[in-house]
Amino acid sequence: MYQFLFKAFGKKTADVLIVLWYTGLIFLVYYFLPAEAGEFRYLDY
Amino acid sequence: MEELLLFLSFALPCAFLAWVLPEKYQISSVNVSCLLFIGFADFVSLVVLLSSSLCTYYLAKKRDRFQFLVLLAILLLAILFACFKVVSSMETNVWMQSALPLGMSYYVFRLIHYSIEVYKGNDEHIPINIFLAYMLYFPVILVGPIIRIGDWYREIRRRRWNQEMFSNGLERILYGLVKIVVLGNYLFSSALAGFVETLDDSQIWLHTYLDCVSYAGNSYMQFAGYSDVAIGFSSLLGIRVMENFNYPFLARNINDFWKRWHISLSQWCRDYIFMPVSSMSRLPWFAILASMIVLGLWHEISFRYVAWAMFHGLGIMGWYVFNRYVNLSLNPPLQRAWDFFSVLLTLNFTIVSFAWIKEDSLAKSVDVFRVLLGF
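Protein chains in written order, with this note's numbering: chain A, 1 to 45; chain B, 46 to 420.
If you're looking for bench data, these hints aren't it; they were derived computationally from the structure. Glycine included, C-beta positions come from ideal geometry on N, C-alpha and C. It is possible that some hints are incorrect.
[What the hints assert, rightly or not] A few chain A residues facing chain B, derived, Cβ under 8 Å:
1) LEU5
2) LEU17
3) VAL19
4) TYR22
5) ILE26
6) PHE27
7) LEU33
[Unchecked claim] Over 12 Å on every C-beta distance to chain A, these chain B residues come out as not near it, computed from the model:
8) SER54
9) PHE113
10) ASN213
11) VAL397
Extracted from the complex, chain A is given alone in its bound form:
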């Protein structure tokens, strides 16, 4: 992702955008973590 942003926008903008991207993803994971777990058969117990 950083390589893509770097080529598209240059270093300074890419640095800002990548931080926003990762922060956004971490927030999404945190926000949706309580969602009911889907069925996942491949995890052996």
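Use these hints to put chain B onto chain A, whose structure you have.
Below, chain B alone, put in the same frame as chain A:
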């Protein structure tokens, strides 16, 4: 989800120790972390993992004098695997379900791979400490990929600190968590399934089809997500492991699909089922069906997984026949259109194939197909 969080809570300190400790203790720290994790999660799993690994190693070590012992090791592993898989399919006995070893589906196939390679004369001089390090390699212990000992050992020997690899590993773990939590748990399981429930009886076809899409999408996101976490964790340790998924829903045919979906398992079946069966029987169609049935039974020992596997096997055979006897020479625009159609056809074939396994019984799976085909 709890298992994933427990895994990460052991994995992150492990990744730290793997670089901070003196070099001769770094890989051992990964193995100790694995032992602690499995022992904490389920002590029986730890006993089964260690005992099956040690038995396999010592039986394989006798290859020079008693070659049949290696075959015995493979047979015992297959029986052990089948017994636990049969137990796991019984839902009535809670005690027996709790005795299911963690990660067994993956490490048994690694043990069988090791045994076969020793029987063929490869990997027979690997010392026990390296073998145990391979079997107790923490990142792949829960959900694979089913790594090969030769590839893993090569990576161990050229392991060096690489900042880019470390940061890519963190990124990969984050992407894996997004797939599991956001796309799998929420988008496909909650949001799409919730929408499907709002459809009324007059939209039975759409209800059935989107149900299959929900199951297929969730299966992919969960499995690919866990694989991303495992591969990312391994990158944190400075060791590359094989990819397990390569955009499978962009496959142009069912053969291509199985080169993109659960790559480590399909390559295992290709190398240890398809190749030997094909060379012994000279019947490629028989080898394809045998490989797919083993692949299906790896998931669960039940008729519906056999049906799912054979459905895919028939799809692969159909593609081979089509590819052999139909030679399409199209101009570029038509070729692009044909490629797009091929991807859609393969995508729908694989989505619909999940009908065999998402239902509780074969009869219900047949009902799903009847609705989808309009009967």
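How the hints compare with the structure:
no., hint, verdict
1, LEU5, "violated (13 Å)"
2, LEU17, "violated (14 Å)"
3, VAL19, "violated (13 Å)"
4, TYR22, "holds (7 Å)"
5, ILE26, "holds (7 Å)"
6, PHE27, "violated (10 Å)"
7, LEU33, "holds (6 Å)"
8, SER54, "holds (14 Å)"
9, PHE113, "holds (30 Å)"
10, ASN213, "violated (10 Å)"
11, VAL397, "holds (18 Å)"
The structure shown violates the earlier hints numbered 1, 2, 3, 6, 10.
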